[in-house]
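K.L.:
Order-wise, the sequence lines are chains L and W.
Okay, so the first sequence: first residue is 1 according to the numbering used here, each after it adds one.
Okay, so the second sequence: first residue is 1001 according to the numbering used here, each after it adds one.
Hint data in this document are derived by calculation from the structure and do not stem from the laboratory.
Just so it is clear, CB atoms sit at the ideal spot from N, CA and C, and this is done for glycine as well.
Be aware that a few hints might be false.
Residues from chain W shown here face chain L by an in silico Cβ test under 8 Å; the list is partial [unchecked claim]: (1) A1048; (2) L1050; (3) P1082; (4) E1083; (5) G1084; (6) I1088; (7) S1151.
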Amino acid sequence: MNYFFVLTLTGVAAGMIYAALAMALVLVWRATRVVNFAQGAMAMTTTYIALAVIQLTGNYWFGFIAALAAGLVLGAVAERGIVRWVENGPPLNAVILTLGLLLILEAVVPMIWGAQIRSFPAPFSISAVQVGAAFIPVSPFNLFTVGVVLLVMVALLVLFRFTGLGLSMRAAAFAPEIARLLGVRVGRLLTFGWGLATMAGALAGLLVAPSLLLYPNNMDAILVYGFTAAVLGGLDSPIGALVGGLAMGLALSFIGGYLGPDLETAGALAILIAILMVRPQGLFVHAAERRV
Amino acid sequence: MLEVDGLSVSYGGVTALDGVSLRIPDDGITAVLGPNGAGKSTLIRAIAGLVRPRAGTVSYGGRLLNGMSPEAIVRIGISMVPEGGGIIREFTVDENLRLAHLWRRDRADLRKALDEVMALFPLLAARRHLPANSLSGGERQMLAVGRALMSRAQLLLLDEPSLGLAPKVISLIMRTIHELSARRGLSVLLVEQNARSALSIANEAVLLSSGRTVASRRAGELAHEEELWHAYLGY
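Looking at chain L on its own, in the form it has when it is part of the complex (with noise of 0.2 Å):
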């Protein structure tokens, strides 16, 4: 009972982090109906460039604004600079630009930066907290990452749900011709929308680092697991992206804690078969096609 305590805690934190990937992923396809392969990969670069900024002031926060922020700005240069040439084409031209761009940042990476695994500092204790003579299997960075995740959710749905800018993004995604129409400038919400994205993929690159560890294709399995929580969640929906992450926290855990931890990856991989076979269109999507 105990051991299935801690590992529902673990797997709440961890799917917390797939949750955030699982994000990215959703607002890239919302916006421009794209799978951004090389979601892990810019999660990755960004998080080397908290790493530089961290050594160079010796302040986690400034490498973690500094992620963001690269993340905001790699994710709007990808879209204008890339995405953007091959919209009109069939839309598997995008995903292998993605693709693309995976193996491109992973290449750049270390030649920047070096090629070893390098440890990532955590703002706050990764160690279980103890009261008195018992350890909680909680640590405070767990705690950080379900609350920053959170925060992030609740600040995106505040976004699309209340705000002006959200509408015309929602518009934006949903029908782009009609949102020009009523003078939505739909080009430049679409290279907003991969900059925001990019931004929850970097968050995601900061906490998953400290317990993972820092190499180029350090989030690799981070995507594959992020994928297949979008996926679960419908693709399209960023509270299925929530739901989706904490599912699949849970089940790698349990999985990993029952079985063996060799089998996470391929658990991943037989529940995104699963979930495809028995509902493609996601657990949190109403069947709806896209129409222009």
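Fit chain W to the given chain L structure using the hints.
P.N.:
For chain W alone, coordinates are given in the frame of chain L:
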């Protein structure tokens, strides 16, 4: 005044519009009539900036619109209602209306514009917070026209507002368009296959066929030219 001069549009080698010229004055209703495939929708889409002309010019108030994006064209006072209304089904009635005003960045005026549309279409006021896909066809068309007014346009481009509606609803829509034009001094370009309904409210009429202008008359005159009707409108 909207001036269209020698406008030609092709879709991948197929000519949809072949040197069309017309003038739309700053008030009154101009009906553009013609059979299916005459190029009516292409004309309206080219004016709104959705398709690029191969040749010819479009200008509004002396300003050249060629090369301008749809979102820029709406900012100079031209608002298009696409075929079927183009309402965003995922949004509520209120969200559809608000969206069209956002670019003005004027909260006080947003409230005023919303109130005006609600007064004009009381049916919409009752359904304000319902999803737009719960509306009937006629209500959707009203929402679409109301939404076009939210941008405070001076020129409305309406693409087949009667399409798929019951006769009673069509006459209600036509009456509304007529009142808008008369009371607010709006200029309307009304593309219609339903020639009789359109001519009942239009001041001017243009007849298109195979991408060319066949006739351009006072609406009252065209209504009585039986040969043209037989040849092009199939009555």
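K.L.:
For the hint on A1048 (chain W), just tell me whether its beta-carbon gets within less than 8 Å of chain L.
P.N.:
holds (6 Å)
K.L.:
Answer holds if the nearest beta-carbon of chain L is closer than 8 Å to that of E1083 (chain W); otherwise answer violated.
P.N.:
violated (12 Å)
K.L.:
Take the shortest C-beta to C-beta distance between S1151 (chain W) and chain L; is it under 8 Å?
P.N.:
holds (6 Å)
K.L.:
Holds or violated: is there a CB of chain L closer than 8 Å to the CB of G1084 (chain W)?
P.N.:
violated (10 Å)
K.L.:
With chain L as the partner, please determine if P1082 (chain W) meets the hint condition of a C-beta pair closer than 8 Å.
P.N.:
holds (7 Å)
K.L.:
Are L1050 (chain W) and chain L close enough, Cβ to Cβ, to be under 8 Å, as the hint says?
P.N.:
Hint holds; L1050 (chain W) Cβ to chain L Cβ min 7 Å, cut 8 Å.
K.L.:
A closest beta-carbon separation below 8 Å is what the hint needs, so does I1088 (chain W) meet it against chain L?
P.N.:
holds (5 Å)
Hints 4, 5, counting from the list given before, are not met by this structure.
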